[in-house]
Amino acid sequence: MRAYQDMVFSTAARLAGNDTQAEDIAQEVFIRAYEHFSDLRGSVTAGGWLKTVTTNLSLNYLTRYRKRWRLFSEMRSSSEDSEADGPELDWEVPDTILADLSAEQRSAIVEAALKQLPDHQRLPLVLYHFEDLSYQEIADKLNVSLTKIKTDIRRARGALLPLLQSCGGVQDTLDS
Amino acid sequence: MNKQTESEQKLEQVLNQALKGLPPLRAPSTLESRVVNELARRALLPWWRASFASWPMSARVGFALISAALAAATILGGVSAYLGDRSFNEVSALVLSWMQPFLAVMSSAGGLAALLVRVIPPVWLYGTLGLGILLYVTLFGLGAAAYRTLYLRSSLAGDDL
Chain A
1 MRAYQDMVFS TAARLAGNDT QAEDIAQEVF IRAYEHFSDL RGSVTAGGWL KTVTTNLSLN
61 YLTRYRKRWR LFSEMRSSSE DSEADGPELD WEVPDTILAD LSAEQRSAIV EAALKQLPDH
121 QRLPLVLYHF EDLSYQEIAD KLNVSLTKIK TDIRRARGAL LPLLQSCGGV QDTLDS
Chain B
1 MNKQTESEQK LEQVLNQALK GLPPLRAPST LESRVVNELA RRALLPWWRA SFASWPMSAR
61 VGFALISAAL AAATILGGVS AYLGDRSFNE VSALVLSWMQ PFLAVMSSAG GLAALLVRVI
121 PPVWLYGTLG LGILLYVTLF GLGAAAYRTL YLRSSLAGDD L
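For the record, the sequence lines run as chains A and B. Take the first sequence: its letter number 174 is residue 174 in the numbering used here, and every next letter is one higher. Take the second sequence: its letter number 101 is residue 101 in the numbering used here, and every next letter is one higher.
No false leads were mixed into what you were given.
Here are the computed lysine to aspartate or glutamate pairs in the DMTMM-like style, where the Cα-Cα straight-line distance is at most 25 Å: (1) Lys20/B with Asp95/A; (2) Lys10/B with Asp100/A; (3) Lys20/B with Asp100/A; (4) Lys20/B with Asp19/A; (5) Lys115/A with Asp24/A; (6) Lys20/B with Asp132/A; (7) Lys51/A with Asp39/A; (8) Lys150/A with Glu137/A; (9) Lys20/B with Glu8/B; (10) Lys148/A with Glu111/A; (11) Lys10/B with Glu131/A; (12) Lys10/B with Asp132/A; (13) Lys150/A with Asp132/A; (14) Lys141/A with Glu12/B; (15) Lys51/A with Glu32/B; (16) Lys150/A with Glu6/B; (17) Lys148/A with Glu8/B.
Keep in mind the hints are simulated off the structure, nothing from the lab. What you are looking at is a predicted structure, and each value in this text was computed from that prediction instead of being measured.
Please take these sequences and the hints and turn them into a complete structure.
Quick look at the structure:
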């Protein structure tokens, strides 16, 4: 368990955007692992199994609360989306970001910025950049259209960049 | 390739570099003890209070057989106690007699509907239908407005769930 607990907790925390919920999810993951201990013991795929179960449980946890609102969420038109989720990308993208910070500092800034994104942007973004899923796989997992996933990820990136830049600037100031 | 698409691709690469290779978050020190305590708590539960899937196979088969037997005995016992020694024809007549009021109501309702269609002007019928659709759309709009006002705003602020 010790070998995998950070990976399981990280996956759950990034998807759920909430450390308390992530701890609940991680607990359930390890209880399921215990129930399948005979299959997982010594298996080289144990890490992948844990990652998959963590992802699925996190999504279940979130969709349990989101399902009732999905109808109205899908109803929003693209113009309303752009108004609600921020403007299109209209600034200069830097060549690097947070590059001169340590891994720990970068991690703290990224995790804080991710928590500020709404669920419908954070989930696909984390699945794409951290879990290496394709757009189609994410659309299948979240049961929404491919177009919506692409739009949400694009807007999530647009929302994340200024958050990272402002947090990075603050971090630089604090360090100096 | 337009400037917007180029910027988006560059942003994807830049974010990928920033997000890749981040160290995993440190799990809370309480996680391991929580899991162990929960496993111990579940282990202390008697087997019949655990989920059905984790019951011993013999208990699961026995439970299914006993449940099926009880259900069958209840249904057969109830039916035979009610019908007694009646013949098949008597049973059929009895069932028909139960259905007669229902059939009479359905027949009356059908007759009433046919009469109304003949008597009421078509404009009224279409007007009523239109009003029904209007009310449905209004309620749907109210639901959407409530969603945007009560839920979406907090979701966009990142404090939902």
